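Just so you know, the sequences run in chain order P and U. Heads up, the first sequence is in our numbering, so the first residue is 1 and it goes up one at a time. Heads up, the second sequence is in our numbering, so the first residue is 1001 and it goes up one at a time.
Because the hints were derived from the structure by calculation, they are not lab data. Take these hints with a grain of salt, some might be off.
Here's a subset of chain U near chain P, in silico, CB distances under 8 Å, partners left out [claimed, not checked]: (1) T1005; (2) M1007; (3) F1034; (4) Q1045; (5) K1049; (6) F1089; (7) F1104.
List time: in silico EDC-like cross-link candidates among lysine to aspartate or glutamate, alpha-carbon distance up to 20 Å [said to hold, decoys possible]: (8) U:K1106 / P:E101; (9) U:K1077 / U:D1094; (10) U:K1060 / P:D71; (11) P:K9 / U:D1084; (12) U:K1052 / P:E101.
Quick list of the computed label-pair ranges, beta carbon to beta carbon [unchecked claim]: (13) P:E54 / U:G1001: 38 to 48 Å; (14) P:I60 / U:F1018: 15 to 25 Å; (15) U:N1113 / P:D40: 44 to 54 Å; (16) U:N1022 / P:P98: 17 to 27 Å; (17) P:R63 / U:N1113: 34 to 44 Å; (18) U:K1052 / P:T111: 34 to 44 Å; (19) U:G1001 / P:R63: 19 to 29 Å; (20) U:S1083 / P:Q67: 20 to 30 Å; (21) P:G16 / U:T1026: 35 to 45 Å.
Quick caveat: nothing in here was measured; it's all calculated off a predicted structure. Idealized CB from N, CA, C, for every residue including glycine.
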Amino acid sequence: DSGVTQTPKHLITATGQRVTLRCSPRSGDLSVYWYQQSLDQGLQFLIQYYNGEERAKGNILERFSAQQFPDLHSELNLSSLELGDSALYFCASSPTAPPYEQYFGPGTRLTVT
Amino acid sequence: GNSVTQMEGPVTLSEEAFLTINCTYTATGYPSLFWYVQYPGEGLQLLLKATKADDKGSNKGFEATYRKETTSFHLEKGSVQVSDSAVYFCALSDRRGSNYKLTFGKGTLLTVNP
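Chain P with its partners taken away, still in its complex shape (with noise of 0.2 Å):
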């Protein structure tokens, strides 16, 4: 158990629906980050944040964002959902101090129909 949580474990939801993924980092982390992982694209990073700000960003639609709350639990907003959007998204925390090593949650697997 990484300490990272993370919900629901799977959504099955419709094309144009709107989903919103939650995560809790580990005690003490003040990084967030979101990853998408797909068959054809492998493990792509979304974007990061760091007690509250956005801090990085990766290959994010901009149907996709997200936000980091004062109690650094972080949700997922991903809109108009395409077909394409179906993978395993994940989310990790990382303490503040180096190497930075990520720990990330189970995932959620999103399915859209």
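Mind docking chain U on chain P? Use the hints.
Same frame as chain P, but now just chain U:
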């Protein structure tokens, strides 16, 4: 930019065989290096790490040595078990600047047969 290249799988071995999964990297600065493992249906787990040249990371019988001269961080295990069947990811973290995101390789699927 930073990049990680690891050997393409899948790799299929018999139990008790020797394992090597090659990983090389390109990075500016002085990255930290990691191996992660993903078992079927699970998230990524940190397997081992190394933060500077000649460091050896080890865990659960796996080892990898940070080789700056060859920009490599190959994963090895002397005797694999069926339970080691998983996808293995090599990754680096650039310690410079404020962007600490990991750069991952594409992953190598390992299957160990009894």
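So, going through the hints one by one against the coordinates:
A least Cβ separation of about 13 Å between T1005 (chain U) and chain P goes past the 8 Å threshold, and the interface hint is therefore violated. Checking M1007 (chain U) against chain P: minimum C-beta separation of about 15 Å lies over 8 Å; hint violated. A distance limit of 8 Å between C-beta atoms decides the matter here; for F1034 (chain U) the minimum to chain P is near 6 Å, and the interface restraint holds. For Q1045 (chain U), the suggested interface contact is upheld, since its CB lies about 7 Å from the closest CB of chain P, less than 8 Å.
The interface hint given for K1049 (chain U) is met, as the beta carbon of that residue sits about 6 Å from the closest beta carbon of chain P, less than 8 Å. At about 7 Å, the closest approach between the beta carbon of F1089 (chain U) and any beta carbon in chain P falls short of 8 Å, and the interface hint on this residue holds. The beta carbon of F1104 (chain U) is positioned within 8 Å of a beta carbon in chain P (closest approach about 5 Å), and the interface hint is therefore held. About 18 Å separates the Cα atoms of K1106 (chain U) and E101 (chain P), which keeps this hinted pair within 20 Å; it holds.
Restraint check for K1077 (chain U) and D1094 (chain U): not satisfied, since their Cα atoms lie roughly 26 Å apart, outside the 20 Å limit. Proposed proximity of K1060 (chain U) and D71 (chain P) is contradicted: the alpha carbons are some 34 Å apart, above 20 Å. This hinted pair does not check out: K9 (chain P) and D1084 (chain U) have alpha carbons roughly 24 Å apart, beyond 20 Å. Of the supplied pair hints, the one linking K1052 (chain U) and E101 (chain P) holds, its CA atoms being roughly 14 Å apart against a limit of 20 Å.
Range check, E54 (chain P) to G1001 (chain U): about 20 Å between beta-carbon atoms, so the 38 to 48 Å window is missed. Hint check: I60 (chain P) to F1018 (chain U), Cβ distance near 40 Å, so the stated range 15 to 25 Å is violated. Remark: the range hint 44 to 54 Å for N1113 (chain U) to D40 (chain P) is contradicted by a beta-carbon distance near 27 Å. Here the CB-CB span from N1022 (chain U) to P98 (chain P) is close to 25 Å, well matched to the stated 17 to 27 Å.
The hint said 34 to 44 Å for the Cβ distance between R63 (chain P) and N1113 (chain U), and at roughly 43 Å that hint holds. For K1052 (chain U) paired with T111 (chain P), a C-beta distance near 43 Å keeps the hint of 34 to 44 Å intact. Taking 19 to 29 Å as the suggested C-beta distance range, the pair G1001 (chain U) and R63 (chain P) conforms, at roughly 25 Å. A beta carbon spacing of about 39 Å between S1083 (chain U) and Q67 (chain P) contradicts the range 20 to 30 Å that was offered as a hint.
Evaluation of the 35 to 45 Å hint for G16 (chain P) and T1026 (chain U) yields a pass: the beta carbon distance comes to about 40 Å.
The structure fails to meet hints 1, 2, 9, 10, 11, 13, 14, 15, 20 from the earlier list, while all remaining hints are met.
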